[in-house]
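Peer 1: So the sequences go chain by chain: D and U. Counting from 1, position 144 in the first sequence corresponds to residue 143 in numbering that gives the first Met the number 0; the numbering is continuous, with no gaps. Counting from 1, position 35 in the second sequence corresponds to residue 34 in numbering that gives the first Met the number 0; the numbering is continuous, with no gaps.
It should be emphasised that the hints constitute simulated quantities derived from the structure, not laboratory data. Don't take every hint at face value.
Unchecked claim - When the alpha-carbon atoms are kept at most 16 Å apart in a straight line, the in silico EDC-like pairs for lysine to aspartate or glutamate are as follows:
#1 D:Lys48 to U:Glu200
#2 D:Lys48 to U:Glu39
#3 D:Lys195 to D:Asp166
#4 D:Lys184 to U:Glu111
#5 U:Lys184 to D:Asp232
Protein chains: 2
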Amino acid sequence: MAKITAAILIIGNEILSGRTQDLNVQYIASGLARRGIYLEEVRIVPDIKERIIEAVKSLSASYTYLLTTGGIGPTHDDITSDAIAEAFGVSVEKNQEAYKRIEEYYHTLGREVNTASAKMAYIPSGASLIDNSQTNAPGFIIGNVYVMAGIPKILQVMFDWLLHQLDSGPAIESRQINVEIGESKLAAEFEQLQNKYPIIEMGSYPFIHEGRHATTLVLRSENKAILDNAFEDLKAMTHKFPLIS
Amino acid sequence: MAKITAAILIIGNEILSGRTQDLNVQYIASGLARRGIYLEEVRIVPDIKERIIEAVKSLSASYTYLLTTGGIGPTHDDITSDAIAEAFGVSVEKNQEAYKRIEEYYHTLGREVNTASAKMAYIPSGASLIDNSQTNAPGFIIGNVYVMAGIPKILQVMFDWLLHQLDSGPAIESRQINVEIGESKLAAEFEQLQNKYPIIEMGSYPFIHEGRHATTLVLRSENKAILDNAFEDLKAMTHKFPLIS
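Here chain D stands alone, though its shape is the one from the complex (with noise of 0.2 Å):
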């Protein structure tokens, strides 16, 4: 079976101007793999349109699936749904379902949809809906791209909805070991059990542990039975130093 692969596109000026510290990136990451789809490219760009539909049309290309946060909301730097309409050549239209979604949404409220809230019912031709259980304002699915919102709290309703509606793998497993040593002291039998087991992706990180050096060695694959092989051995290679659990 061939490999299912993601990018993620975060549209998104407060990410870039360093007002807003992105939290969608690890969360829809660890989704990705739970699902056995390889997150292989994020990209960060700003509230312009022709640089979110170069971004969108090489992504896209790329990759299995394009997810992308950000630039649906109702006011004027919205701009996601016309620069991916663009993208697609698809002109943008008044989706009837999102419009009566948000209407719903809005008599909850008490109030009227304005011009602008209605603006998020505008979305490219031909686009199916992602379900918002948040603020009902959906995001939309057009070819492989998933647009949906850049607040955490509703990315997370919209991609727990649509994840399982993705082909999915076998599930990316991890094993992990932190041992109170440095890592360089590692990195020689670090590298014979990467060279042994070469479908395993294996890093090493370093940290510090009350004040003494520490490294995490992390084992990845979605093969089980050989993640669970070379576990064994990181377990052997690291046994004569203290654990930090």
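Could you slot chain U onto chain D? The hints should help.
Peer 2: Showing chain U alone in chain D's frame:
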């Protein structure tokens, strides 16, 4: 004066797997803004040499500066130096000054430099060093590419050291106001404000405050006089709504 721009390239399987929350983008982005450097793109790619080379070539050609994080440690998964040398068509060689610094650090630990640690002194031919006041092993500069560690504490001292060596422009300042009203109710007036001050970057970011809809309106520019005028207009526009401090 031409706008000074930058991109960040994060080299890190641990971010793409969801294991690690990136903290470096926000730190770098905030510092660049203070120095009037426009961060216009971020990419995250895996620890795969061809992917790093491709991203380095593309981003270094498109922006004034490219800052990279990750992959310069002593283990087999640290391939950034090799990849960047290849992107510049030069070889990797032992940098005597880098080696000396690594040796000094190990001596303070009462240890000798082993083969793995020595690897950190091998950098692209012709590169100059970036100081690391945390653990000595330096980053490096080649062309317009600034290569730093991925561990936030080390990234931060490296970035602080190099930031004042980059060309700078007028600081990009921001003004913001938090009002207790949904963003769609402000959208029309906020768009008028944008049209009145086209050079000001304006963003609207909804949030929930004590169970009620609220919005942060952000104005951003290097032109402080016009920014202040626009902010006065923004305050007049929102004065009838409760402020959130």
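Peer 1: Now, for every hint given, state plainly whether the structure supports it.
Peer 2: Hints versus structure:
Restraint check: the Cα-Cα separation between lysine 48 of chain D and glutamate 200 of chain U comes to about 14 Å, which is no more than 16 Å; the hinted pair holds. The hinted pair formed by lysine 48 of chain D and glutamate 39 of chain U meets the criterion: a straight-line CA distance of about 13 Å does not exceed 16 Å. For the proposed pair lysine 195 of chain D and aspartate 166 of chain D, the alpha carbon gap of about 31 Å is over 16 Å, so the pair is violated. Between lysine 184 of chain D and glutamate 111 of chain U, the direct Cα distance comes to roughly 11 Å. Compliance with the 16 Å bound is thereby established for this hinted pair.
For the suggested pair lysine 184 of chain U and aspartate 232 of chain D, the alpha carbons sit about 61 Å apart, so the restraint of at most 16 Å is broken.
Of the numbered hints stated above, those contradicted by the structure are hints 3 and 5, listed in ascending order.
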